[in-house]
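Please take these sequences and the hints and turn them into a complete structure.
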Amino acid sequence: MHLNSVHEKLLQGEGGDANQLAMQILVEVGDAVGAESLVPIKSAHVQADYIGLHDSGIALFERFAASGGKFGVPTTVNPASIDLDGWESFGVPAEFARKQIRLCEAYNRLGGIRCWTCVPYQVCNFPKADETVAWAEPSSVVFANSIIGCRSNKAMAGLDIASAILGLTPKFGMLLDEERVARIACVAPPGRFSDLDYRSLGYLIGRSAGSKVAALDGAPKDVTSDDFKHLGAAAASAGPTAMIHYVGVTTGSSSLEKAAGGEKIETVEVSRSDLDNVEDELNQTEETPDLIALGAPHLSVSELGSLAKLLEGRKVKRGIKLYVYTSHQAYEMADRAGIRADIEAAGGKLSQGTDADVSPLKAMGFNVVLTNSALLAETLVADGRVKVRYSSLNDIIGEVLA
Amino acid sequence: MSSKTYKCHVLVKGKASGEALFSRQAFSFDRAVDPRTGVVADSRSGMAGANIRGNVLFYTRGKGSTAGSSWLLEAIRLGNGPAAIVTEHADLAAVVGASVAGILYGKAIPVLSGIDAQIFWKARGKTKSVASVDGSAARVVLTG
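Order-wise, the sequence lines are chains A and B. Just so you know, the first sequence maps onto residues 1 to 402 in the numbering used here. Just so you know, the second sequence maps onto residues 1001 to 1144 in the numbering used here.
None of these hints come from the bench; they were simulated from the model. Misleading hints may appear alongside valid ones.
Simulated pairs of lysine-lysine, DSBU-like, Cα-Cα distance not exceeding 30 Å [stated by the list, open to error]:
| no. | chain 1 | residue 1 | chain 2 | residue 2 |
| --- | --- | --- | --- | --- |
| 1 | A | LYS349 | A | LYS321 |
| 2 | B | LYS1122 | A | LYS171 |
| 3 | B | LYS1013 | B | LYS1122 |
| 4 | A | LYS171 | B | LYS1107 |
| 5 | A | LYS212 | A | LYS128 |
| 6 | A | LYS9 | B | LYS1007 |
| 7 | A | LYS315 | A | LYS264 |
| 8 | B | LYS1007 | A | LYS171 |
| 9 | A | LYS362 | A | LYS317 |
| 10 | B | LYS1013 | A | LYS212 |
| 11 | A | LYS42 | A | LYS70 |
| 12 | B | LYS1007 | A | LYS212 |
Printed below as a string of structure tokens:
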């Protein structure tokens, strides 16, 4: 990878230890992936959840912070593994919470924006089209590339913080025009889509597209940004997916031909029974859940409002907890609008700045989790210690709310 | 005993050998491997119950969370990481995890891509094959 004289000096340590460490990571990764050069980024989004980063992640963050590191561009952060404002009330073991708090302190010292959300683009960072960014959190990367039209690779933990420190990232993958063209088409089945259909379809795209950028044709044009958020999250959980051309929605992809850059591409027809198969695969049990987890990614304030309406006059059955995960900002707005009170009246609990897919659910005492998040279901199936059920929001409400 | 050599693409340099573990799926280290033991948890990986420690891990491609690299880094730090990783399509999580392990702990492992996943289908589940990975010569030798 070509380095200019400024990059070379940073690599030699002339810009201090933190910048040198960050440059070492960028150079190693850039060389590995065959990047031509380093390019500036407008923003970074990093991961700092203890469940994902472990003790080696604490060591990396603390080393950057102790050696005087500061984020070189506006930097946001994914959900923490605990509700920072009330982890005790969620039954998180204190030793685990202390590890997360150390990570938060190191992140804060580096000068990051304390948003603790997987949807920075819905609450605190609004990039323009064509900006280059380095975001961790696969669902936000899919949203950035597909809907906002900016350019990001999946900034893996380690690459994310190094990019954030220097405001630079290796130029490869989704940053290159030729890599952003659709190479495979997935055709959605006709008809209306439930919340679960969007997620299951995303999951299938992630699995069947492999390493190729996919175009999604035939899916409802009235898809909301929240629907797409969940579709992208599901896709990125099942594959290396970083971009989906949602035909008719993604800018520049008004037709399949345009998404594919005029080339003829392989087509995969998705049927209703394919969607049912995803449900069967992610449904690991028939047991009664002890937790209903809604989030992963964070629900927006409008999703919280819709949920509050669905919950009106209902009550979560005894022995089952309902946790609803959102950002600090949406929590605050939901609180002001009485939405939080409505969710609590139904026996639910709103949790901010954390999410179920990065929470220590087993250690919090849960054994069977019911969700409509394919991302959460996928995470729990891989983990294997907590059983998972995957159902649409309507089915969940019908079954576990009296 | 037969021995076959496969030409690959080097992502992270290094030499290693170990028993071959094959997954015919996309794979993420996030949740699927316990870094404190090296044991594979994901029941769908075709490697469930196997230990990655010191073995050469073959899978088709990466998937999922951007924490895949940090789960790998933690496993390597604790001495429970694989000896090498070989995939069909380059897995950025493996690249970043292995690179950072080299920078922080002097424990980089070789990562290669470009192997034809057909060989994973021929190798039935856990085999007793031994893989020898040479990340300078860009080749993987499978014996067994």
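Structure-based check of each hint:
Straight-line distance between C-alpha atoms of LYS349/A and LYS321/A comes to about 8 Å, which keeps the hinted pair within the 30 Å bound. Our distance criterion of 30 Å between C-alpha atoms is broken by LYS1122/B and LYS171/A, whose separation comes to about 36 Å. At most 30 Å may separate the alpha-carbon atoms for a hinted pair to count; LYS1013/B and LYS1122/B meet this at roughly 27 Å. Between LYS171/A and LYS1107/B the alpha-carbon distance is near 26 Å, which keeps this suggested pair within the 30 Å criterion.
Distance hint between LYS212/A and LYS128/A is fulfilled; the C-alpha atoms sit about 25 Å from each other, no more than 30 Å. Pair hint LYS9/A plus LYS1007/B does not hold up; C-alpha atoms about 36 Å apart against a cutoff of 30 Å. For the hint linking LYS315/A to LYS264/A, the alpha-carbon distance of about 53 Å lies beyond 30 Å, and the restraint is violated. Between LYS1007/B and LYS171/A, the direct Cα distance comes to roughly 26 Å. Compliance with the 30 Å bound is thereby established for this hinted pair.
At most 30 Å may separate the alpha-carbon atoms for a hinted pair to count; LYS362/A and LYS317/A meet this at roughly 21 Å. Using a Cα cut-off of 30 Å, the hinted pair LYS1013/B and LYS212/A holds, with the two alpha carbons roughly 26 Å apart. For the hint linking LYS42/A to LYS70/A, the alpha-carbon distance of about 15 Å falls within 30 Å, and the restraint holds. With a C-alpha separation of about 23 Å, the suggested pairing of LYS1007/B with LYS212/A holds against the 30 Å cut-off.
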